[in-house]
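Asker: From these two lone chains plus the hints, build me the complex, please.
This is what each chain is made of:
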Amino acid sequence: MEQRIELAPNCSLTTAGAMIFFGSICLFSLVFAVFFVLQGFWPVLVFWALEMLALGAALLASMRRGKYTQTLLITDSQISLVTRTRQGAQKQEFARHWAKVRLRSPPRRHGTSRLTIESHGRVYEVGSFLTEEDRTRLARRLRYLVGGMNESPPLEIDRT
Amino acid sequence: MAQSHASDAAHHDDHHDQPATGIKRWLFATNHKDIGTMYLVFSLIMFFIGGAMAMLIRAELFQPGLQLMQPEFFNQLTTNHALVMIFGAVMPAFVGLANWMVPLQVGAPDMALPRMNNFSFWILPFAFTLLLGTFFVPGGAAAGGWTLYPPLSLQTGDSFPMLIFAIHMMGISSIMGAINVIVTIMNMRAPGMTLLKMPLFAWSWLITAYLLIAVMPVLAGSVTMLLTDHFFKTSFFNAAGGGDPIMFEHIFWFFGHPEVYIMILPAFGIISEILPTFSRKPLFGATSMIYAIASIAFLSFIVWGHHMFADGMPVAAQLFYMMSTMLIAVPTGVKVFNWTATMWRGSLSFEPPMLFAIAFLFLFSIGGFSGLMLAIVPADFQYNQTYFVVAHFHYVLVPGAIFGIMAGVYYWLPKWTGHMYSMALAKTHFWLSAIFINVLFFPQHFLGLAGMPRRIPDYAVQFTDWNMVSSIGGFAFGLSQVLFAIVIVQCIRGGKKASAKVWEGTNPTGLEWTLPSPAPYHSFSTAPEIH
Ligand code: HEM
Ligand SMILES: [Cu+2]
Chain A
1 MEQRIELAPN
11 CSLTTAGAMI
21 FFGSICLFSL
31 VFAVFFVLQG
41 FWPVLVFWAL
51 EMLALGAALL
61 ASMRRGKYTQ
71 TLLITDSQIS
81 LVTRTRQGAQ
91 KQEFARHWAK
101 VRLRSPPRRH
111 GTSRLTIESH
121 GRVYEVGSFL
131 TEEDRTRLAR
141 RLRYLVGGMN
151 ESPPLEIDRT
Chain B
1001 MAQSHASDAA
1011 HHDDHHDQPA
1021 TGIKRWLFAT
1031 NHKDIGTMYL
1041 VFSLIMFFIG
1051 GAMAMLIRAE
1061 LFQPGLQLMQ
1071 PEFFNQLTTN
1081 HALVMIFGAV
1091 MPAFVGLANW
1101 MVPLQVGAPD
1111 MALPRMNNFS
1121 FWILPFAFTL
1131 LLGTFFVPGG
1141 AAAGGWTLYP
1151 PLSLQTGDSF
1161 PMLIFAIHMM
1171 GISSIMGAIN
1181 VIVTIMNMRA
1191 PGMTLLKMPL
1201 FAWSWLITAY
1211 LLIAVMPVLA
1221 GSVTMLLTDH
1231 FFKTSFFNAA
1241 GGGDPIMFEH
1251 IFWFFGHPEV
1261 YIMILPAFGI
1271 ISEILPTFSR
1281 KPLFGATSMI
1291 YAIASIAFLS
1301 FIVWGHHMFA
1311 DGMPVAAQLF
1321 YMMSTMLIAV
1331 PTGVKVFNWT
1341 ATMWRGSLSF
1351 EPPMLFAIAF
1361 LFLFSIGGFS
1371 GLMLAIVPAD
1381 FQYNQTYFVV
1391 AHFHYVLVPG
1401 AIFGIMAGVY
1411 YWLPKWTGHM
1421 YSMALAKTHF
1431 WLSAIFINVL
1441 FFPQHFLGLA
1451 GMPRRIPDYA
1461 VQFTDWNMVS
1471 SIGGFAFGLS
1481 QVLFAIVIVQ
1491 CIRGGKKASA
1501 KVWEGTNPTG
1511 LEWTLPSPAP
1521 YHSFSTAPEI
1531 H
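First to last, the sequence lines map onto chains A and B. Per our numbering, the very first residue in the first sequence carries number 1; after that it's consecutive. Per our numbering, the very first residue in the second sequence carries number 1001; after that it's consecutive.
Same shape as in the complex, but just chain B (with noise of 0.2 Å):
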């Protein structure tokens, strides 16, 4: 009952006074920078977990043939890369930083739900043993792609239960933190913190658990389906049973593109608190920022036809999808705008999280590019299942998810552990990883554009070059990460003391900054004395 305050206050002496220690202290947290600590460092792993599948899969596309794997291997590499990377590296480092900062950033002692927290936290440890596990069972690992169609997700062996189960958890922890943060945002606020008021961050994610909220039980009925038609005959999916397989790809983009959102949205709240910072100057249009990343989240749930143009649909639709993903484009176009008046005349300085947060506005712009054009259908069926996909979605997700995770990380490590990092090894970090993601990905729009398909390991030798380059981007940039983690473990084992505003000559805006020098608001008052 560590943060739920038994109701009786006389029976305090729980395991408060004896505190846990070792493995214990994990294993019952429900303290939230416990439990951020947990969802963050186990981002890490799986970063680097799914980060191992990359190599392997650009080592076998370094030069074309089959020189490492069976094709079957290499195509569950490439599914389980991005389950990986989706649920086990972007969604946790997002709930993770939620739970650190949200309840600092609206005054509350704690989330709203510790003991829910903690079992969202600990979900993911079997959720992820599971699906590393179905590479070790007869049949291997799904490897139809981290989109599910059936019937090729069908055919995937023994598996196939244990990938459906471990998504299943999965999505529960996901609901989990979204419920926990969206509550505790909106019952936890500390008195005169209105929800205008709120930091950025914290309105992304409230933002964000409402998406959450609206998708998860799609994700869970559509893998659910799966299931069925896989073990009880049923035929939601199967044609020879009156059923119809383009309808799981409606109900997957329905939860896919919001999805994707969902993973970028956060993002956006960090670099939106960390740009004013180290421009020294307030957030551009900060207002309009709220009704921007609203208004992206409810085109979110009317677009998710453009990932189908292929497969053929009615023109109306064709270009009801077409007009409303370009939509997305205008709140995206304010939020850059506003990003950038906000450094335009600011006395600028160039600290590793200002690097990334810099790095994410011109790199996910070009991702933001690429899928305006992805999003034109007759283009889109030139580039529909090419390399040009895979480069739009990394752009998006990597220089912008994962470098607002890195942003964000860098710009709290210093109030999480109390020490300053090593700045220089972080630069270097930051130049290495902004250099080669695009070694990395831009030459993918190259071989896309001249029709290399995605998802195989061996291609025509005209591709060879470009992806010689890729590859080697692809080396540099996951040697590089090492250092992230190098620069991560120095700065919890110790270093310089961290200022309490930690980032001298800079304004940050937000409650966590103000500590521990007294907070303005406060939840106890005392009444007029009464003679």
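Chain A with its partners taken away, still in its complex shape (with noise of 0.2 Å):
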């Protein structure tokens, strides 16, 4: 028996949509940078090239976040931690039995909690890309899942 949970960050645009929006936007503008380039006021274009620019670096960006994923895998014995980035991906693997999970709580009210995986002085960071209650509730659940130090729950039907 074993569990997977799939961890991706939200990413609403396709690479596809990216484009058709960037696209779209730089034409829209670009309409009335060229009429004002037309009536000799080129430096209109100059500043609509350096937004345009600032859209496309942030929208590559953020397109290249939600490439960042996590799978976990978790039998009776092992919890693997897959991360997926850009460059590869990179495996953890944790004895079940001794491993920990662990939610810090945010360091102030509206910070960011933190949700790790910890075993044999090895930390490894789960979810940091989601929300503060997507990351309360995986916490929930992994807790249940893996139990606490020197304790493996039995893996049944999921009831969280």
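Mixed in with the good hints there might be a few duds.
[As the list claims (entries may be wrong)] With a Cα cut of at most 27 Å, we get these calculated DSSO-like pairs of lysine-lysine: (1) B:K1197 with B:K1501; (2) B:K1197 with B:K1281; (3) B:K1033 with B:K1497; (4) A:K67 with B:K1197; (5) A:K67 with B:K1415; (6) B:K1415 with B:K1281.
None of these hints come from the bench; they were simulated from the model. Since the structure is predicted, the reported quantities are computational estimates derived from the model, not experimental observations.
Answerer: See below:
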């Protein structure tokens, strides 16, 4: 029996969608810029280009961030955590019996909490890109599946 | 890397574990809530600085003749009052509200670009230090009006490049804010949160961000050309060199008219969330509200000429701008109708956000009507450059944009601080504001119709009475705003604990209210079990 949890950041744009969005906004604002260039006010075009560069860079950064995903596979004896980034995948394994799930509450109101899986001095963060609520619920579920240190609760049908 | 999830999960031991304290917490803030708070506090400070200038202006105008200041200084005050209020108070307030609410409303953990967010905020204090610094250099601050028309604006003293640079910085900040909002909404929505399910505040900001992105390069270009005309002997707007100063007005208003809508659309969004909550009914015609905002945004690109009727233009152009401007009344009417229909037969309650929203509805409409009057070309020939215009734009900006912001602050403040604020003080603040805003600006319609020009420190004696009334209204309105600050400070310090839903007996929509109880969308899934 095993349990698998896929974690992915919100990424509501597909690559094609992002391109269409960026292209349409470029065109839309280019119409105005060109209108002014035709009247001889070319500096507008310079600022248009700078702005589109900034928008494009921002969109690219956001799209790249969406490629950062994590998969947790929990079996009777093992927890494996696969973290995928644009650079490739990275796998961490823990003995389920000794691993511990820890949710550090935010350092202050409105701060960010952190969810980690810890064992033998190794600490790995999971779900850093989730909202607070999702992270809290994930923590609840993981605690249930992983148990405390020196615990291996039976992996039955999910009740959370 | 607080919000940008370090690509290597093992390297997480950055500043997270030792939370930054004191000033560092704010300097390096990347959390959307911290940044939202900074924007809002900054905006409040600017509101008081711009307000202090307004108090000086009204004090000078209390009587005819020159009492307190030289005309040059008076003109510096009107010019900078506008710049501070528009770019320092209204815009940052809306960006602050967007920072706080858009991620919550679309189910995102933060804004899309947290560090750019930090940067776009921190530009502002520098921009405004520079702008306010212009008062202290030889020749004083800009005095040719916030519209910076050449050749007058080119006569600004040593402060001219400072002014242009400050405006550039404000523009960059607005642009980065808009980019952040638009990317957050487009790419960070939670699974299941389709565009049409988004709350109206997020919608209004999405459209506003489009407007900002379309017009900011035009503003940046126009002020840069002023700068090169001044220092590098270009002649974009210099008639002696073959340029055309009227073209500056076209460029400026091509930016300027969408800009005034940038300052009202997010308020529309806020009002569209508050009225249903306190009417205990869903928003009437929610989808048509989105289409109305989109049509207003579209129309705002083709009406700029209504600011220039008196410059002289072909009759066909006059008709075009007149008709297109009047067309805006249609989607605006749809909105006002829908808001009214939302309240119709609702079970209304009158908490401070609702009071401000209702006042918005009435008083913004007055501003809309005077706008329609100004759109009539022959009428505008008379009203142009008079106090009637001043009355118009203050009705749309103060009980419009600013009341919208205040309604939003009163609506969400308990959510932000975790405390309820003093209802009695807030309601007092509302009533004083709502009454004195009319004492302040309504008489300016009469003054304008009687021919009192705008942007002057002295006036003919027949205008005295209404100016006195207006000034008294101004002082009272200004003073009442201190209550706003008191309510906010008290609420930050403590108070009765607010529940998750905050407004008992109401049914606010939007993800932000369901927190911290489980949110309906989530971005993790458990794949089916494999045996
Ligand atoms: C029904 C909607 C509106 C119509 C028909 C309208 C029409 C006009 C017209 C024709 C003028 C030019 C008056 C002149 O200079 O002779 C004007 C000025 C102005 N309007 Fe509006 N307007 C509307 C809504 C708004 C809104 C929503 C805002 C801002 C939130 C706004 C802000 C301004 C400002 C700031 C000016 C004066 C600019 C200046 O000369 O310094 N208006 N409006
Ligand atoms: Cu306009």
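Asker: Does each hint fit the structure? Answer for all of them.
Answerer: Hints versus structure:
For the hint linking B:K1197 to B:K1501, the alpha-carbon distance of about 20 Å falls within 27 Å, and the restraint holds. Note on B:K1197 and B:K1281: the hinted pairing holds, with a Cα-Cα distance of about 17 Å set against a maximum of 27 Å. With a C-alpha separation of about 19 Å, the suggested pairing of B:K1033 with B:K1497 holds against the 27 Å cut-off. Taken as a hint, the A:K67 and B:K1197 pair is honoured in the structure, with Cα atoms around 25 Å apart against an allowance of 27 Å.
With a C-alpha separation of about 32 Å, the suggested pair A:K67 and B:K1415 falls outside the 27 Å cut-off, and the hint is violated. Distance hint between B:K1415 and B:K1281 is fulfilled; the C-alpha atoms sit about 21 Å from each other, no more than 27 Å.
Hint check: a violation occurs at hint 5 only; the rest are consistent with the structure.
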